[in-house]
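J.: One-letter residues, chain by chain:
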Amino acid sequence: MIRKLFIANRGEIALRVIRTARSMGIETVLGASEADAASLPAKLADHVAIVGPGPSSQSYLAIDRVIAAAVRSGCDAVHPGYGFLSENAQFARAVLAAGMHFVGPEITTLEGMGDKLAARALAVEAGLPVLPGGEAATRTDVHARAALTGYPLLLKAVAGGGGKGMRRVDRPEDLDTALDMAQAEAQAAFGNAAVYVERFVAKGRHVEVQLLGDGTSAIHLGTRDCSIQRRFQKLVEEAPAPAMPLEAREGIEQAAVRLARHLNYRGAGTAEFLVDATDFSFYFLELNARIQVEHPVTEAITGVDLVEQQLLVAMGKPLSLTQAMVRPTGHAIEVRINAEDPDADFRPSPGRVTRAAWPAGVGVRIDTHIGVDGEVPPFYDSLMGKLIVHGDTREEAVERLGKALRSLQIEGMPTTTPLHRRIVADPRFIAGGVDTSFLTGLAQ
Amino acid sequence: MTDDLPLTHEDIAEIAAILENSGYRELDLATRRFRLRVAKGDGEHGGMTQEWQWSGTAADVAPESQAAISDPDAICSPLPGTFYHSPQPGAPPFIQPGDLVGPETVIGIVETMKLMNPVHAGRSGTVGDVLVPDGTLVAKGEALVRLT
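Chain order of the listed sequences is A and B.
Okay, so the first sequence: first residue is 1 according to UniProt numbering, each after it adds one.
Okay, so the second sequence: first residue is 1 according to UniProt numbering, each after it adds one.
Since the hints were made in silico from the structure, they are not lab data.
Check before you lean on any hint, since a few could be wrong.
[As the list claims (entries may be wrong)] One side of the interface only, derived from the structure: several residues of chain B facing chain A at Cβ under 7 Å:
| id | residue |
| --- | --- |
| 1 | G46 |
| 2 | M48 |
| 3 | Q50 |
| 4 | W52 |
Backbone N, C-alpha and C fix where the C-beta goes; we use that ideal spot for every residue, glycine too.
Work the whole structure out from these sequences, hints included.
T.: Structural data, given as structure tokens:
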């Protein structure tokens, strides 16, 4: 059993976890930074433990402080949310060593999935397709690998994430320069200069599969399409992946489940795939061993509370859901409302919100920690809230999204709202199935 | 610190539906803990909205600096964040007193929301003082560097 849960996160996801914990009768302790001491999750949690000053390196990322706060407050479990320490094996180990449950997968899974090459190897073992390419330890190896893979190709950091240490190379004569830059960036960002080579897919879609496992069995909760991105970060997500033949979708779902079973996966996770937008061939990219920002679109179509499933599995309960019980209905779309100026190259716009009129209505869900007077501190990412719409069909969902975006009014700082209004009016988006180059071709 | 959380998204959807089919234009509910206003759109904006205001004190935020506005020689931070003198720890600073700068010269970076934003001088001049120590949290509009 979990009686008292420590939430090692902030913002909308902290609030999201508090809601489900409360409905399950679990007491909550929010580990907040000083900058978040008056935030909405801090007001709504049962208790608040200050873990440090504003900058995340001294608070949300400070393993010792987070563990000490959780122990001091008498918690028996830690939910890490997403980002911050959620996929940090060292943190998970410290949670267990302090005698608490970690709401996440086994440490070996975190270790295996944190190293992109190891994750690729595990996927190959499980029989999943991966992009042509692979390890290349020396400069000579990189050239040999590149010759096999062909151009254009991507150099990626082995320890990677967030697009750092990633370089697209179009011609053999550019390889050496790109390699130097990718290695320098990877060294600076992750303390590990190792890179690997992968074929670049020009018309690619980003499709992922929601997984649930209890260490013995594993099921999927369908696909999500997250192709609309800027700087390798998602802006719009929908479930299920639209404009894709049923067999293609099922092939991806089955592959994801094979991987989860191969890993004896425990908890909620997401397998990400690159799908060729022209022929729907797919390649495993990575497995995110945590709850995702975009999990509500899956909740909308399946009716499953994913955070509740995470907590039940963390308590050691076997999955109560079977694959046959998961019956997705309709279509859901989420847009991220960020404190960023889409007309100034997505420049962050932290500050205080003077008015926050979020949409309401049938088929509309808002996950946000921002009300009137809500504050977006300069220390963290720019997510203010998520607008999720659900309809019987994609057409209805798109229509609801358009209407909801027209009524959404946030005052006090620029947000991504006007960009989303342009996206929802774009004929390519209305048709569905866009690739990752979508934003580049968006009308102003 | 409450016994229960007010209203799930299903509750809000239900309230919106009730309001939609009623003759009323808005619902304005104030409790000790929060105020919720659910309102029909005013035609121009169309749909229904929900606005939440929570009681309890909010943390102090650094106000926009007044000093900066009155100092015409100052280069001010375009956004709140952490001000750094050099591109990375240990590297030489972007500028030093006595340096000549042009509008496009980078005088430092402000880290906001995990992004590094270069600060440009915006005009020509000679660097007088660097007013803020390396690694300091600055408000939007705070003076960073004074030109002579």
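J.: Check each numbered hint against the structure and report the violated ones by number, ascending.
T.: Hint check: nothing fails, all pass.
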